[in-house]
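Novice: For reference, the chains in residue letters:
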Amino acid sequence: MSAPLARFSVPSRFIHWLMAVMILAMLCIGVGMAASVSERYKFLVAIHKPLGIAILVLVVIRFVNRRINPPPPLPDSLPDLQRIAAKASHILLYLLMLIMPLVGWGMLSAASYPIVVYGPLHLPPILPHNLALYALLRQLHTCLAYALFALIVVHFGAALFHGLIRRDGVLQSMASWRRAQLPGVTPR
Amino acid sequence: VLIRFGAIGAAMLLAAVAFAYVGGWLSPQRLTQDRMATALQDANGIHPGFRLNHAKGLCATGWFDSNGQASALSKAAVFALGRVPLIARFSLAGGMPFQADRPGTVRGLALRLIPAGAEEWRTGTLNIPVFVVNSAQGFYDQTLASTPDPATGKPDPAKMNAFLAAHPEAVKALAIVKDRPVSTGFANSTFNALNAFRFVSAAGASVPVRWSFVPTQGFVAENPAEPASHDKNYLFDDLVAQVAEHPLQWRLIITIGRPGDPTNDATLPWPSDREQVDAGTVTIDNVTSEVTGQCAEVNYDPLVLPSGIESSDDPILSARSAVYARSFTLRAGQQREKLPSAIAEKDIHAGGGR
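Chain order of the listed sequences is A and B. Each residue of the first sequence is one higher than the last, beginning at 1 in this note's numbering. Each residue of the second sequence is one higher than the last, beginning at 189 in this note's numbering.
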């Protein structure tokens with residue numbers, strides 16, 4: 001095994017895991033509500049909209065945090081192809097995290113649904129009321145959700161590949177809860 | 189290493205299976221939006237661009253004059269003293285956009301009230317006193333039972349009997365619906381929001397309510413034996429002609445439920461002695477075809493509610509919201525294939541053919 005890698009910063013790990021839970025919940029709520037006609041439907045919709053807005057806010061914070069706390073480098077031993085795959089998949093993950101809530105907000109606007117955050121707190125429409133536009137964005141929302149879920153599964157698999165097969169410290173750089181055993185991290 | 193690869197694959201597969209389960213792909217017997225939409229299309233035929241139910245309709249505009257009397261019950265801006273513009277849609281139940289108007293067909297009035305700078309309110313109401321089923325499954329079963337048999341072109345009576353046997357609540361409700369007085373047209377019909385909602389006051393007090401639009405146009409009973417002179421669009425033509433003469437008005441009557449009154453079952457009427465509040469008057473002064481009218485692009489989702497009006501525990505509300513959303517999405521993608529609506533702009537200009 002190569003030398004232990006530096007870990008992601010505490011804010012980076014925190015926001016990663018927080019958003020991981022939120023996005024997975026969001027995707028499950030999304031496919032669940034799109035299939036449901038039960039009483040769950042109205043509760044799922046009531047969660048889905050504000051949760052989507054929260055994710056949009058967090059993804060912006062996450063971009064800023066990434067500039068302040070850049071991720072640790074990938075291990076030198078990583079083959080070029082895997083390095084490219086890692087880069088590309090992360091760019092796609094970030095793009096989808098940003099685009100999904102915007103498409104959601106846009107499609108609600110095009111459908112002329114109120115964009116309820118909580119109670120009387122609403123967001124303004126970002127697109128004109130237009131059925132064809134709504135139909136397009138609604139379909140896009142579904143397709144991108146599947147793409148995001150697939151990408152998350154691949155991301156999860158790749159993380160396990162690093163942790164169980166390569167054992168190169170990449171999984172630990174994000175997933176380890178231990179505090180002071182790695183160089184460069186001071187205990188608090 | 190092989191075992192570890194296997195573990196990784198298994199973990200990924202598990203995630204995908206969990207996702208598929210939530211999405212309903214692993215439980216084909218679950219009643220989903222897709223199955224409900226398919227059942228409605230099987231029953232009514234496929235009419236691209238039209239609503240899956242209440243497909244035949246006419247747009248209208250007007251306003252709601254709130255008299256302020258409901259503002260003690262609900263903090264919603266629409267109930268403050270004042271005038272709120274609205275976009276309405278008159279319709280007939282059923283997914284056939286070109287069906288002939290018949291006296292007994294259930295009539296609908298949907299409203300979208302848009303107070304300036306405040307939350308809007310959408311409501312769909314029918315000219316029947318109670319809904320016929322009390323669950324999404326009931327509505328689905330009823331739709332299947334009324335689907336024409338391909339062999340005869342008519343619903344199979346055996347299936348309808350099986351539906352009624354399985355849904356005693358529908359038997360009782362159908363009897364009430366059948367007994368209702370049917371008026372000569374839209375203008376003198378009373379439209380009821382069959383589902384219960386809750387009004388929440390500024391102080392936070394919550395009461396169960398149902399509401400109705402009661403016409404100021406006098407009731408005239410429809411001849412039970414349908415006159416042969418009725419044109420296939422007679423209900424809509426009459427409405428167009430009447431609005432051309434003078435605006436039509438309905439009073440918004442709020443019925444306040446008492447503890448114990450059913451809020452989760454739209455087949456059950458509330459006792460007739462319940463307190464009622466007259467909240468104001470809806471005026472319709474203009475009708476337009478769905479081609480040019482604004483109502484065609486509106487999903488009259490019963491759960492688009494302002495603060496001060498809340499959903500109840502009636503499962504039909506959630507089901508309506510879900511299926512309307514699916515219907516809206518389907519028809520939004522089919523606008524290019526959509527045929528002109530039964531009531532065309534020229535019919536409106538012709539004053540309803542009168």
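Careful, some of the hints might be misleading.
[Stated by the list, open to error] Selected chain B positions facing chain A (Cβ under 8 Å, derived; list incomplete): (1) V189; (2) Q217; (3) T220; (4) I302; (5) A324; (6) P457; (7) W458; (8) E485.
Rather than coming from a laboratory, the hints here were simulated on the basis of the structure. All residues carry an ideal CB built from backbone N, CA and C; glycine is no exception.
Novice: All the hints need checking, so say for each whether the structure fits it.
Specialist: Hints and how they fare:
1. A hinted interface residue such as B:V189 counts as satisfied when its beta carbon comes closer than 8 Å to some beta carbon of chain A; here the least separation is about 7 Å, so the hint holds.
2. The interface hint given for B:Q217 is violated, since its Cβ lies 13 Å from the closest Cβ of chain A, which is over the 8 Å cut-off.
3. Because the closest C-beta pair between B:T220 and chain A is about 4 Å apart, less than 8 Å, the hint holds.
4. Here the hint on B:I302 is broken, as its CB sits about 10 Å from the closest CB of chain A, past 8 Å.
5. Nearest Cβ of chain A to the Cβ of B:A324: about 4 Å, under the 8 Å cut. The hint holds.
6. With 8 Å as the threshold, the beta carbon of B:P457 stays out of range of chain A, its nearest partner Cβ sitting at about 22 Å, so the hint is violated.
7. At its closest, the beta carbon of B:W458 sits 21 Å from a beta carbon of chain A; the interface hint therefore is violated under the 8 Å criterion.
8. For B:E485, the interface hint holds, since its Cβ comes within 8 Å of a Cβ in chain A; the closest pair sits about 5 Å apart.
Hint compliance for this structure: hints 2, 4, 6, 7 are broken, all remaining hints hold.
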